[in-house]
Amino acid sequence: MRMKLGELVNHLKGQLKNGDPEMIIQGIAPFDHAQPGWITFAIDKKILPRINETCADAIICSRQLEDRPDIEKTLIIVDNPYASFARAAQLFLPPAPSPTGIHKHATVAESITLGKNISIQPGVVIGNNTTIGDNVIIRANTVIGDKVTIGNDTLIYPNVTILDNCQIGSRVIIHSGTVIGCDGFGFAPDGNTYEKVPQSGIVRIDDDVELGANNTIDRATFGQTWIKQGVKTDNQVHIAHNVVIGENSLLVAQVGIAGSAKLGKHCIVAGQAGLSGHLTVGNNVTIGPKAGVAQSIKDNQVVSGNVAMPHQIWLKVQTIIPKLPEIKKQLARLEKTMAAWSEKTNS
Amino acid sequence: MRMKLGELVNHLKGQLKNGDPEMIIQGIAPFDHAQPGWITFAIDKKILPRINETCADAIICSRQLEDRPDIEKTLIIVDNPYASFARAAQLFLPPAPSPTGIHKHATVAESITLGKNISIQPGVVIGNNTTIGDNVIIRANTVIGDKVTIGNDTLIYPNVTILDNCQIGSRVIIHSGTVIGCDGFGFAPDGNTYEKVPQSGIVRIDDDVELGANNTIDRATFGQTWIKQGVKTDNQVHIAHNVVIGENSLLVAQVGIAGSAKLGKHCIVAGQAGLSGHLTVGNNVTIGPKAGVAQSIKDNQVVSGNVAMPHQIWLKVQTIIPKLPEIKKQLARLEKTMAAWSEKTNS
Amino acid sequence: MRMKLGELVNHLKGQLKNGDPEMIIQGIAPFDHAQPGWITFAIDKKILPRINETCADAIICSRQLEDRPDIEKTLIIVDNPYASFARAAQLFLPPAPSPTGIHKHATVAESITLGKNISIQPGVVIGNNTTIGDNVIIRANTVIGDKVTIGNDTLIYPNVTILDNCQIGSRVIIHSGTVIGCDGFGFAPDGNTYEKVPQSGIVRIDDDVELGANNTIDRATFGQTWIKQGVKTDNQVHIAHNVVIGENSLLVAQVGIAGSAKLGKHCIVAGQAGLSGHLTVGNNVTIGPKAGVAQSIKDNQVVSGNVAMPHQIWLKVQTIIPKLPEIKKQLARLEKTMAAWSEKTNS
Chain P
91 MRMKLGELVN HLKGQLKNGD PEMIIQGIAP FDHAQPGWIT FAIDKKILPR
141 INETCADAII CSRQLEDRPD IEKTLIIVDN PYASFARAAQ LFLPPAPSPT
191 GIHKHATVAE SITLGKNISI QPGVVIGNNT TIGDNVIIRA NTVIGDKVTI
241 GNDTLIYPNV TILDNCQIGS RVIIHSGTVI GCDGFGFAPD GNTYEKVPQS
291 GIVRIDDDVE LGANNTIDRA TFGQTWIKQG VKTDNQVHIA HNVVIGENSL
341 LVAQVGIAGS AKLGKHCIVA GQAGLSGHLT VGNNVTIGPK AGVAQSIKDN
391 QVVSGNVAMP HQIWLKVQTI IPKLPEIKKQ LARLEKTMAA WSEKTNS
Chain H
91 MRMKLGELVN HLKGQLKNGD PEMIIQGIAP FDHAQPGWIT FAIDKKILPR
141 INETCADAII CSRQLEDRPD IEKTLIIVDN PYASFARAAQ LFLPPAPSPT
191 GIHKHATVAE SITLGKNISI QPGVVIGNNT TIGDNVIIRA NTVIGDKVTI
241 GNDTLIYPNV TILDNCQIGS RVIIHSGTVI GCDGFGFAPD GNTYEKVPQS
291 GIVRIDDDVE LGANNTIDRA TFGQTWIKQG VKTDNQVHIA HNVVIGENSL
341 LVAQVGIAGS AKLGKHCIVA GQAGLSGHLT VGNNVTIGPK AGVAQSIKDN
391 QVVSGNVAMP HQIWLKVQTI IPKLPEIKKQ LARLEKTMAA WSEKTNS
Chain Y
91 MRMKLGELVN HLKGQLKNGD PEMIIQGIAP FDHAQPGWIT FAIDKKILPR
141 INETCADAII CSRQLEDRPD IEKTLIIVDN PYASFARAAQ LFLPPAPSPT
191 GIHKHATVAE SITLGKNISI QPGVVIGNNT TIGDNVIIRA NTVIGDKVTI
241 GNDTLIYPNV TILDNCQIGS RVIIHSGTVI GCDGFGFAPD GNTYEKVPQS
291 GIVRIDDDVE LGANNTIDRA TFGQTWIKQG VKTDNQVHIA HNVVIGENSL
341 LVAQVGIAGS AKLGKHCIVA GQAGLSGHLT VGNNVTIGPK AGVAQSIKDN
391 QVVSGNVAMP HQIWLKVQTI IPKLPEIKKQ LARLEKTMAA WSEKTNS
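Protein chains in written order, with this note's numbering: chain P, 91 to 437; chain H, 91 to 437; chain Y, 91 to 437.
Don't read these hints as lab results, they were simulated from the structure. Even glycine gets a Cβ: it sits at the ideal position worked out from N, Cα and C. Misleading hints may appear alongside valid ones.
Incomplete in silico selection of chain P near chain H, CB under 10 Å [what the hints assert, rightly or not]:
| hint | residue |
| --- | --- |
| 1 | N231 |
| 2 | G235 |
| 3 | L245 |
| 4 | N249 |
| 5 | I263 |
| 6 | D273 |
| 7 | P279 |
| 8 | T283 |
| 9 | K406 |
| 10 | T427 |
| 11 | A429 |
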């Protein structure tokens, strides 16, 4: 990838300072690793005092740096340097190209419907009546069941499993080892044993979702488990049957969400947190790491701890918990003093 | 699937009220989604006031509804509506049929022993001297090692791994991404490094077990890791070497059980709970979500929290933890008052 | 495997007592399962009183037993019986042999470089310009991307995924379902949506590492995620982008380590513990089960609890937490008594 600096600045809707828009840019790297002809970015505040030390030819940065007189470097001034860096990196660090077509070692049902420019790699197995959009890449040894639909520009890494009837949107990324459409955990107690409750619903994954590696997303008992547009999950996330995850929510690694829970949009659930079943979490809610959420949460809350409480309280609680032995002693001391007084007074 | 209502009622050992046993039933769905010619079920109490509103032709329900005079609908009255619903759903929502035989893109050792009516799908790899029972379905890209035995009517989803010598029972279901027979975590410290302890035992999985997606079940160091009859695990459950899980116990998502722990029968371990190694949990024990079990537990206990305590205590504790900052202040106030008095008294 | 007892004793750098060095040894098993002609080991103290009861012909044990006059059995006296047992078991219980060569149902790019004596099993897919060392075993349905390097004597179990550019050392063992080189969880907030931050770094795994089943090791954003020599991970461990794990550290099952955290050497992180991002943990640190580590930790510490505190404090704290309801009542009682006195005094 080679691009004129001026074009890049336009692409980022930024403003060029001290630079030649005709200069050719051919890479992007962190501050200390960028080379001449590359760009870098000023996100970490630690580098600001030594901003002239990079070998990069231009620096994506915030408006804050606009008027610093000591800066000799070319600046690409933007409103949101982190997002602009991400967009620039998408240009200069695209995914490796994939061979087009169906590899001869893939096993694809005759009844599937294929878009244009697809890449189906070795060992892939695709079932009957599945529909795959344009520019979809399905990497090696991934298995896709019957009657699945996959939108355009979706990228599926190796060893993924997508089971029958599930619906995957466009521009979705699914990392390796993830299982979509496994049975929800439904068993009806019957004396000492259990009857399996068939899980006949589906998983629906909307556009622009990215699912990390080794996720498990259960199909609904009836209806659908629904991951809405723009949701991003980290690795080893578990989403149970009939869960709904609202638009643009983030689920960090090893989070588990129990059956029929509804999470609002633009939430963040930090690593190893767990949500009980059948509860409702509002929009813009942040749930701390390892939190155990046992009750519904309204919009705009920040909660932490197990059982989850308002985060401001948790911050205090977590400093007090290690002092519990001290507190217990203090209390015993007080009680003793009081008992002594009481005796004295009564005597 | 089409079935006479009377036959269905017999199958469920129920009692028909207001209905024609000759009526043909062809589906099952939740209360608001069932269509004419289908049945539904009254499990959720919320639907009871509007019981006549379903389009279903019959409703599986408990004896409680038998004498409600306002009900116009046909009722299938049973002792356990949830279990009966499950059994009915098993009839009307069977798994999709699988093609019989060994797919040409499967790689199967010549030395294996195959039952009747098996389905071995594309990309499956099966090692030497493995024995597979009747009606077994092995879906795409699953790998089965050498000298494995698999009972009748077992269903193995795509991308499962079953390693050498493991024994799988009949009517077992194993979901995608699950690994059975990986090495236990055994390393002998030797100065600053570790010597690997070979894991030469097996995993034994008894009849009627269902394992969720992306489980990991370690083989024993010597002997066997043993999942007994009727156990059901949710997704991302980890079971270490030499663990024994008793009959009909349920392990919810992301539970971890450390080496040589023994869990009794008919236990429930809720999501994200963890059990330390070498402990014994009795029968009919319930362990709460995120609980950390560090000691053995007797029969019939309910425990929660980390470290786990009796659940009734945990219910109180979890309301007090957020009040710790208040408690600390209260204590400081008391101490101050007392110190003031003490001064006053002594003066 | 058959070996003279004297050779075995030399191999273990031990000392033979009461034994014939010419005796042939052909197996190893636990105390109660060993057969004549086999050896066993005395690690569990429970067996010491009945040490003469084993059928084994020799017992690996510590110097402690050297002078016990009642012992009739042949002893192999070593400094570290657990490590010596492990080394003996490695001899007598080697992994099953693997067929040499590339199976015809593997899909291997022409541009790969292969060492001697490799085993590439059915369904394996290997991308372009990948280099694989001598004696490497890659079991069925594993996928290896482009430009990967794998050292000598490495063993990769079925259904593993190793993505482009990752570097795997020598004598590494990778268990099934593990994903190496999936994208780190990097998303730049941009209004209500997120821009993906491309993850262009690699994962580097040094020699003698063993990774359990269903691990996920993210590639770095830039640079490398680095698992240093001798690290062992249990199942379902998650390691985020740019993490560094020091030499010979152990990560027990279901541990999660967030982005850019640095863990020192010879640490132990117990099951289900979690480390926040960007922190530094020193050498020889032990982190308890389910601990939540939110701050950096110096060398040689033992911490537990959530949020993690010194383990000695946690041991007390965990006995006090269940007493919180009692403590709250005690406090209320004290306050009431005090208020009564105060009234009395003032009246």
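A quick look at each hint next to the structure:
1. Because the beta carbon of P/N231 sits about 6 Å from the nearest beta carbon in chain H, less than 10 Å, this interface hint is met.
2. Evaluation of the P/G235 hint against chain H yields a held restraint, the C-beta minimum of about 8 Å falling below 10 Å.
3. Evaluation of the P/L245 hint against chain H yields a violated restraint, the C-beta minimum of about 18 Å exceeding 10 Å.
4. The interface hint given for P/N249 is met, as the beta carbon of that residue sits about 6 Å from the closest beta carbon of chain H, less than 10 Å.
5. This hint is violated: P/I263 has a C-beta 18 Å from the nearest C-beta of chain H, more than the 10 Å allowed.
6. Evaluation of the P/D273 hint against chain H yields a held restraint, the C-beta minimum of about 6 Å falling below 10 Å.
7. The beta carbon of P/P279 is positioned within 10 Å of a beta carbon in chain H (closest approach about 7 Å), and the interface hint is therefore held.
8. The interface hint given for P/T283 holds, since its Cβ lies 5 Å from the closest Cβ of chain H, which is under the 10 Å cut-off.
9. Nearest Cβ of chain H to the Cβ of P/K406: about 4 Å, under the 10 Å cut. The hint holds.
10. The beta carbon of P/T427 is positioned within 10 Å of a beta carbon in chain H (closest approach about 6 Å), and the interface hint is therefore held.
11. Because the beta carbon of P/A429 sits about 12 Å from the nearest beta carbon in chain H, more than 10 Å, this interface hint is broken.
Hints 3, 5, 11 from the list above are not met by this structure, while the remaining hints are.
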